[in-house]
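Novice: For reference, the chains in residue letters:
Protein chains: 2
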Amino acid sequence: MNVLLVYAHPEPRSLTGSLKNYAVRRLMQNGHMVQVSDLYAMRWKTTLDSDDNTAYRPGTRFDPSADSMQAFQTGTQSADIVAEQDKLRWADAVILQFPLWWFTMPAILKGWVERVYACGFGYGVGEHSDTHWGDRYGEGTLTGKRAMLMVTAGGWESHYAPRGINGPIDDVLFPIQHGVLYYPGFDVLPPHVVYRAHKTDAAKFDRICHELGQRLDRLFDTAPIPFRRQNAGDYLIPELTLRPEIAADQSGYGIHAAPNRPED
Amino acid sequence: MNVLLVYAHPEPRSLTGSLKNYAVRRLMQNGHMVQVSDLYAMRWKTTLDSDDNTAYRPGTRFDPSADSMQAFQTGTQSADIVAEQDKLRWADAVILQFPLWWFTMPAILKGWVERVYACGFGYGVGEHSDTHWGDRYGEGTLTGKRAMLMVTAGGWESHYAPRGINGPIDDVLFPIQHGVLYYPGFDVLPPHVVYRAHKTDAAKFDRICHELGQRLDRLFDTAPIPFRRQNAGDYLIPELTLRPEIAADQSGYGIHAAPNRPED
Numbered sequence: 001m002n003v004l005l006v007y008a009h010p011e012p013r014s015l016t017g018s019l020k021n022y023a024v025r026r027l028m029q030n031g032h033m034v035q036v037s038d039l040y041a042m043r044w045k046t047t048l049d050s051d052d053n054t055a056y057r058p059g060t061r062f063d064p065s066a067d068s069m070q071a072f073q074t075g076t077q078s079a080d081i082v083a084e085q086d087k088l089r090w091a092d093a094v095i096l097q098f099p100l101w102w103f104t105m106p107a108i109l110k111g112w113v114e115r116v117y118a119c120g121f122g123y124g125v126g127e128h129s130d131t132h133w134g135d136r137y138g139e140g141t142l143t144g145k146r147a148m149l150m151v152t153a154g155g156w157e158s159h160y161a162p163r164g165i166n167g168p169i170d171d172v173l174f175p176i177q178h179g180v181l182y183y184p185g186f187d188v189l190p191p192h193v194v195y196r197a198h199k200t201d202a203a204k205f206d207r208i209c210h211e212l213g214q215r216l217d218r219l220f221d222t223a224p225i226p227f228r229r230q231n232a233g234d235y236l237i238p239e240l241t242l243r244p245e246i247a248a249d250q251s252g253y254g255i256h257a258a259p260n261r262p263e264d
Numbered sequence: 001m002n003v004l005l006v007y008a009h010p011e012p013r014s015l016t017g018s019l020k021n022y023a024v025r026r027l028m029q030n031g032h033m034v035q036v037s038d039l040y041a042m043r044w045k046t047t048l049d050s051d052d053n054t055a056y057r058p059g060t061r062f063d064p065s066a067d068s069m070q071a072f073q074t075g076t077q078s079a080d081i082v083a084e085q086d087k088l089r090w091a092d093a094v095i096l097q098f099p100l101w102w103f104t105m106p107a108i109l110k111g112w113v114e115r116v117y118a119c120g121f122g123y124g125v126g127e128h129s130d131t132h133w134g135d136r137y138g139e140g141t142l143t144g145k146r147a148m149l150m151v152t153a154g155g156w157e158s159h160y161a162p163r164g165i166n167g168p169i170d171d172v173l174f175p176i177q178h179g180v181l182y183y184p185g186f187d188v189l190p191p192h193v194v195y196r197a198h199k200t201d202a203a204k205f206d207r208i209c210h211e212l213g214q215r216l217d218r219l220f221d222t223a224p225i226p227f228r229r230q231n232a233g234d235y236l237i238p239e240l241t242l243r244p245e246i247a248a249d250q251s252g253y254g255i256h257a258a259p260n261r262p263e264d
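Residue numbers (UniProt numbering), protein chains in the order written: chain A, 1 to 264; chain B, 1 to 264.
Worth flagging that the hints you see were computed from the coordinates, not collected in a lab.
Predicted model, so just to flag it, every value in this text is computed and none were measured.
Every residue gets a Cβ at the ideal spot worked out from N, C-alpha and C, and that includes glycine.
Be aware that one or more of the hints could be misleading.
Computed beta-carbon distance windows for the label pairs [to be verified]: (1) B/D86 with A/R218: 42 to 52 Å; (2) B/A248 with A/A248: 45 to 55 Å; (3) A/Q214 with B/S65: 25 to 35 Å; (4) B/S65 with A/E211: 16 to 26 Å; (5) B/I237 with A/H198: 17 to 27 Å.
Computed, partial: chain B to chain A, Cβ under 7 Å [to be verified]: (6) P10; (7) N21; (8) R25; (9) G31; (10) V34; (11) T104; (12) H159; (13) R163; (14) F220; (15) P224; (16) T241.
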């Protein structure tokens, strides 16, 4: 199968960099084709702006969505964006690998999402009607592909526990797993998170690699997080609130995954 | 008082840009001094890398935290970082204004946080002991200052309701309000959020300005969100989980604010 690893760390000799190298080797040993988008090494343009549409006319009003849609539809996107979209189309699975900086991905990776997820590609897909609010949250361009986060965090695991001060890790990652990956159609696997990343000796590194290896070996047969599909009946449209009878009287991120739902 | 507005939108004629202009005028009419960091206009360097430490020696291993700490302590930070830190020291209140892109701030603003919040300034402050886990979450360099988010979102308010598909807006903004603003000591005010931002006619714009004006007029006497201080007894140290008897049997972001707690 084809695996795209999008990697965001400035130092190749970091733990994050070492785990990237390990992951690439393991995936190739398992017979997969692997491409790596090493954003720092590529000197990825982080900031979304009017230069992303090569047909933008200076002096006109720049609209991030409308310009993105026009560029996507008319073939005037900048070449670096097109290349990443092609990699996404090629991939059967995508891994986003990054250190958790200020409780989310580094800016360089956020800029990858903003620029590569063009309007018409990553969002703004499909029809809006009384029963269908765009192809998103379970439907979209990237349907049928799998995605997984590989995260290194400085804090302790307990700091990200259900009652930990940083918030539960599932909540911290929800805007990425649900909002960035499930939104355009990916099946999202449980994340692989390494805590206290800066306190890693040789024995811990071996243990991390072993655990990561197990996850990568099962990349294509691990059950995804059972997020609820937007247009499959669980939500009122256009309010997009969960129907009152489902997870009644509950709220928050947790209600958007269905416990024990069989895979469709 | 002194107000710093950090603003992140690529188009001055956008709704976000118009609200920025309105806010600056209103704050000045109220007698405040105002500085604006217009990140796109400044062509802010978004990506954190070894160039941020002017004393970095090429070929050596770059450590984002250690290099940042060294540069901060020895005066070798790049000039753009120093200038923003000086603005933060000058400010009595800081407003972060941005469009909600993929459920968080734009990459250019995330890069501002990553680079300006140097180790020793935004984190890595204070001693670690059995009763005090660094000056953070209610203590730190920016203690005594207020902060507020001004956010424009494309989605509907119901999409960000407690049972909305995007997640509750308080949860969406928690990693910024708690993790980026409360962390180094800011008192964080409730956010000002505009929904369906791309559907704004003249009447709606007037209404938004009126509501925003009210919020800005009360910038210095609005009660902050009562987040719990890390080192004031509510958390076990070093686990940093909320003590079992507080908000017993509850979990998630919500437990980190104390309902009806009097302001200290």
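Novice: Run every hint past the structure and note whether it holds.
Specialist: Status of each hint after checking the structure:
no. : hint                           : in the structure
1   : B/D86 with A/R218: 42 to 52 Å  : 51 Å, holds
2   : B/A248 with A/A248: 45 to 55 Å : 22 Å, violated
3   : A/Q214 with B/S65: 25 to 35 Å  : 29 Å, holds
4   : B/S65 with A/E211: 16 to 26 Å  : 24 Å, holds
5   : B/I237 with A/H198: 17 to 27 Å : 19 Å, holds
6   : P10                            : 5 Å, holds
7   : N21                            : 15 Å, violated
8   : R25                            : 21 Å, violated
9   : G31                            : 33 Å, violated
10  : V34                            : 24 Å, violated
11  : T104                           : 6 Å, holds
12  : H159                           : 5 Å, holds
13  : R163                           : 5 Å, holds
14  : F220                           : 26 Å, violated
15  : P224                           : 18 Å, violated
16  : T241                           : 5 Å, holds
Hints 2, 7, 8, 9, 10, 14 and 15 from the list above are not met by this structure, while the remaining hints are.
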